[in-house]
Amino acid sequence: MDSCGRRIFLMAFVFDLKHPDGQRNAGGMHHHRILFDKNHLGYFGKVGMGYFHRLRNKFHYPVVNVEHLWSLVP
Numbered sequence: 319m320d321s322c323g324r325r326i327f328l329m330a331f332v333f334d335l336k337h338p339d340g341q342r343n344a345g346g347m348h349h350h351r352i353l354f355d356k357n358h359l360g361y362f363g364k365v366g367m368g369y370f371h372r373l374r375n376k377f378h379y380p381v382v383n384v385e386h387l388w389s390l391v392p
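In my numbering, each residue carries its 1-based index in the sequence shown increased by 318.
You may find that some hints are simply not true.
Between beta-carbon pairs, the in silico distance windows are [said to hold, decoys possible]:
{"no.": "1", "residue 1": "R372", "residue 2": "H350", "range": "45 to 53 Å"}
{"no.": "2", "residue 1": "G366", "residue 2": "A344", "range": "24 to 32 Å"}
{"no.": "3", "residue 1": "M367", "residue 2": "N343", "range": "24 to 32 Å"}
What the hints contain is simulated information worked out from the structure, not anything from laboratory work. Everything numeric in this text was worked out from a predicted model, so none of it was measured. Note that CB positions come from ideal geometry on N, CA and C, so glycine has one too.
Build out the structure end to end from the sequences listed, making use of the hints.
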């Protein structure tokens, strides 16, 4: 085998990496961005305005049927 053929033969083993694209969630911000945006919405970053110590009861407004409104008045 000449030197050129030997070099090509060895390069086949050098570039045969086990995980060429990275493992698990690697590349979510880069080369796997489309997959993450499509299947895992909101995985990266903050969305909207932060609301600290949000009490869910504070914004609870039960729905009242207008037709039965007078039955609720004592």
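Checklist entry - Regarding M367 and N343, is the given constraint of 24 to 32 Å on their beta-carbon distance met? => result Given range 24 to 32 Å: holds, Cβ gap about 27 Å.
Item to check | Outcome for the supplied range 24 to 32 Å, where the beta carbon pair is G366 and A344 | outcome: Given a distance of about 27 Å, which is inside 24 to 32 Å, the answer is holds.
Checklist entry - Does 45 to 53 Å hold as the CB distance between R372 and H350, or does it fail? => result With Cβ atoms ~32 Å apart, the hint is violated.
In the structure shown, a violation is registered for the earlier hint numbered 1 alone.
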